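**Student:** Each chain, written out:
There are 2 protein chains.
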Amino acid sequence: MMESVAELQKFCGEIIPLDQAVLARAQARLDNLTKPRGSLGKLEMLAAKTCAMRGTLAAKVDKKVILTFAGDHGVVAEGISAFPQEVTPQMVYNFLAGGAGVNVLARHVGAEVRVIDVGVAVPLAVEGLLARKVRLGTENMTKGPAMTEADALAAIKVGIEVAQQAIADGAEILGTGDMGIGNTTPSAALFAALLPAAPAEITGRGTGIDDETLARKIAVVAKALAVNSDKLATPLGALAAVGGLEIGGICGAILAAAHQRTPIVVDGFISSAAALVAIKLAPNVLDYCFFSHMSAEQGHRLFFEKMGLAPLLHLDLRLGEGTGAALSMGLVDAGLKIMNEMATFGEAGVSEAE
Amino acid sequence: MMESVAELQKFCGEIIPLDQAVLARAQARLDNLTKPRGSLGKLEMLAAKTCAMRGTLAAKVDKKVILTFAGDHGVVAEGISAFPQEVTPQMVYNFLAGGAGVNVLARHVGAEVRVIDVGVAVPLAVEGLLARKVRLGTENMTKGPAMTEADALAAIKVGIEVAQQAIADGAEILGTGDMGIGNTTPSAALFAALLPAAPAEITGRGTGIDDETLARKIAVVAKALAVNSDKLATPLGALAAVGGLEIGGICGAILAAAHQRTPIVVDGFISSAAALVAIKLAPNVLDYCFFSHMSAEQGHRLFFEKMGLAPLLHLDLRLGEGTGAALSMGLVDAGLKIMNEMATFGEAGVSEAE
Chain A
0 MMESVAELQK
10 FCGEIIPLDQ
20 AVLARAQARL
30 DNLTKPRGSL
40 GKLEMLAAKT
50 CAMRGTLAAK
60 VDKKVILTFA
70 GDHGVVAEGI
80 SAFPQEVTPQ
90 MVYNFLAGGA
100 GVNVLARHVG
110 AEVRVIDVGV
120 AVPLAVEGLL
130 ARKVRLGTEN
140 MTKGPAMTEA
150 DALAAIKVGI
160 EVAQQAIADG
170 AEILGTGDMG
180 IGNTTPSAAL
190 FAALLPAAPA
200 EITGRGTGID
210 DETLARKIAV
220 VAKALAVNSD
230 KLATPLGALA
240 AVGGLEIGGI
250 CGAILAAAHQ
260 RTPIVVDGFI
270 SSAAALVAIK
280 LAPNVLDYCF
290 FSHMSAEQGH
300 RLFFEKMGLA
310 PLLHLDLRLG
320 EGTGAALSMG
330 LVDAGLKIMN
340 EMATFGEAGV
350 SEAE
Chain B
0 MMESVAELQK
10 FCGEIIPLDQ
20 AVLARAQARL
30 DNLTKPRGSL
40 GKLEMLAAKT
50 CAMRGTLAAK
60 VDKKVILTFA
70 GDHGVVAEGI
80 SAFPQEVTPQ
90 MVYNFLAGGA
100 GVNVLARHVG
110 AEVRVIDVGV
120 AVPLAVEGLL
130 ARKVRLGTEN
140 MTKGPAMTEA
150 DALAAIKVGI
160 EVAQQAIADG
170 AEILGTGDMG
180 IGNTTPSAAL
190 FAALLPAAPA
200 EITGRGTGID
210 DETLARKIAV
220 VAKALAVNSD
230 KLATPLGALA
240 AVGGLEIGGI
250 CGAILAAAHQ
260 RTPIVVDGFI
270 SSAAALVAIK
280 LAPNVLDYCF
290 FSHMSAEQGH
300 RLFFEKMGLA
310 PLLHLDLRLG
320 EGTGAALSMG
330 LVDAGLKIMN
340 EMATFGEAGV
350 SEAE
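Line by line, the protein sequences are chains A and B.
Its first residue numbered 0, the first sequence is counted upward by one per residue in numbering that gives the first Met the number 0.
Its first residue numbered 0, the second sequence is counted upward by one per residue in numbering that gives the first Met the number 0.
Check each hint, because a few of them may be wrong.
Put simply, identical chains are the same to the list, so a pair is met inside one copy or across any two.
Simulated pairs of lysine-lysine, DSBU-like, Cα-Cα distance not exceeding 35 angstroms [what the hints assert, rightly or not]:
hint, residue 1, residue 2
1, 62, 222
2, 279, 41
3, 230, 9
4, 59, 336
5, 41, 305
6, 41, 336
7, 41, 62
8, 59, 41
9, 230, 59
10, 230, 41
11, 62, 230
12, 41, 142
13, 230, 336
14, 62, 336
15, 279, 9
16, 142, 230
17, 336, 222
These are calculated hints, taken from the structure and not from any lab test.
Quick caveat: nothing in here was measured; it's all calculated off a predicted structure.
With the sequences and hints as input, model every part of the structure.
**Tutor:** Take a look at the structure:
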């Protein structure tokens, strides 16, 4: 499957919107629980929307899987990151050893972490890794496209397939995660191309760069957009020209989750850039996405404002990996427990509002 | 103990600030974990502050207890609530049967809920209830003080004692919760008196009242402040004149947690009013409080702005009971797990920032 753009378009066209009848029945159930109507705010929204995705009031998210995609970026040659590129594979090993932030927070909420090599720049062989490398990192996008459209399509396909496998294994909710030194730069470029936004307003400090490096990073984003200006008209073209392999993987996972009516929690800045590509490919995916948090990375706020969306958490996170997704999966779980475990006014013998 | 105002003042004076040396050591430990510095935002703050409270880098919050205090309010005679007063005892039974929102969210984070009758307006006898009734509800504060200062002191004493008992039973973190039909009205009056604030800017819709009832509620708050104007100069005087018994209990629990260097998560609007009384009695308690969420109740935002504080969650919650405290206890736990379970750069062989 998914060998051509036409097949991708067909797949995207099969994504259906929320079941509004189930949404209404879920809210009616929530309104009959022993609390003032709407008083559990976004927890109620999470529960009702998840039911409407799944098409049943008996929705559960007991089995949770975070898909953390790793890839490298040729643009690091421009000196836009605080960390050296060797950290990408080092962190992949750290994920597989269970010592990274996403591992800790995934354990905290009872989620499994699956790590996918879509495009780390060095060969990797380690037990537990999903080895789906499309190529050894991208090219430097200031000198031409980061990759071909065929590579971008292949990365999306990897994301679709690993998400479908996770769902086949029983996952009732997915979370996205990323690892790729330098990847706030292509993410900023994708936002700039697709929102659209000016490089200076969307580009931030990533893992923690100084003023001089930030100025260079903004110039790098602007140059990548200029060099690739003839390739940015379509979401797939933009992903190929100024995106990344792990970003393509996340985009594919979001498409596959929506296609199988499964909630997916979008992590931070990089995952949101991937979500934006997915939304441009298939607007209905928005119905299946929960946005986990407002990243401390400058520019994330602009994404939410321009899209008319609101994230769940405001904890000044800026780590990626799926850390925010993990925390928010716990909130979805809490919302469904409210729906399934709270007593109704009738059951508890509690008087209703006058 | 605590038979006089002088004894309360002595107790408050024994509350010490955070251990700054431990705070610095905790942040140094966090900075050495495999993530960019500060990239887990408020989770890092929660972990470091909890260590500084406990005086050790080995802090844990495995045992969590939510203290939900119940009391009634004579001011309901003024028609300021959407629900009838009989709902207070009905919800106490619901808490003890495990069917309320706080029970579900407490189970979700692994917390125990303890329910304390400080002043429900009817006699209650039910297994599992901590029966510490000071009196059968308060008086109508628009006609005079809600209670005497001796009653307010007794309510604080109840809160201190049940919090001390929870800590003696092994609790490593406490959460506050409230139940009392009408209690956003005395809470608004307390904020108005102690922040201070105008009744119209601090008074909101509580469980869901219409415009006409809201206008009446604002007038009721203003009248209570006018009638009791000679009693609002001290925090204890304000609590007695325009507060409530469950609010006094929560205030006492916060004082006791701080006194024993134990983190306490302050729930929503009503718990924040109690926290404000505690802060006015003993400013150092602020070092031991985490504020769980920005309530959808109008006025809560003003409290945070005037106090220069920031809550953890923004989920449009407005239920009380300890529901927001439960969710935020989970975040404190997550922060400490980050500190205790993540690999360091050295352990994982990950390169540091250049």
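**Student:** With reference to the structure, classify each hint as holding or not holding.
**Tutor:** Tested hints:
{"no.": "1", "hint": "62 <-> 222", "verdict": "neither (43 angstroms within a copy, 54 angstroms between copies)"}
{"no.": "2", "hint": "279 <-> 41", "verdict": "both (26 angstroms within a copy, 32 angstroms between copies)"}
{"no.": "3", "hint": "230 <-> 9", "verdict": "within (22 angstroms within a copy, 72 angstroms between copies)"}
{"no.": "4", "hint": "59 <-> 336", "verdict": "both (8 angstroms within a copy, 26 angstroms between copies)"}
{"no.": "5", "hint": "41 <-> 305", "verdict": "both (21 angstroms within a copy, 26 angstroms between copies)"}
{"no.": "6", "hint": "41 <-> 336", "verdict": "both (13 angstroms within a copy, 26 angstroms between copies)"}
{"no.": "7", "hint": "41 <-> 62", "verdict": "both (21 angstroms within a copy, 27 angstroms between copies)"}
{"no.": "8", "hint": "59 <-> 41", "verdict": "both (17 angstroms within a copy, 29 angstroms between copies)"}
{"no.": "9", "hint": "230 <-> 59", "verdict": "neither (42 angstroms within a copy, 53 angstroms between copies)"}
{"no.": "10", "hint": "230 <-> 41", "verdict": "neither (39 angstroms within a copy, 40 angstroms between copies)"}
{"no.": "11", "hint": "62 <-> 230", "verdict": "neither (40 angstroms within a copy, 56 angstroms between copies)"}
{"no.": "12", "hint": "41 <-> 142", "verdict": "neither (45 angstroms within a copy, 39 angstroms between copies)"}
{"no.": "13", "hint": "230 <-> 336", "verdict": "neither (46 angstroms within a copy, 45 angstroms between copies)"}
{"no.": "14", "hint": "62 <-> 336", "verdict": "both (14 angstroms within a copy, 21 angstroms between copies)"}
{"no.": "15", "hint": "279 <-> 9", "verdict": "within (14 angstroms within a copy, 64 angstroms between copies)"}
{"no.": "16", "hint": "142 <-> 230", "verdict": "within (13 angstroms within a copy, 74 angstroms between copies)"}
{"no.": "17", "hint": "336 <-> 222", "verdict": "neither (49 angstroms within a copy, 42 angstroms between copies)"}
Of the hints listed earlier, those the structure fails to meet are numbers 1, 9, 10, 11, 12, 13 and 17, in rising order.
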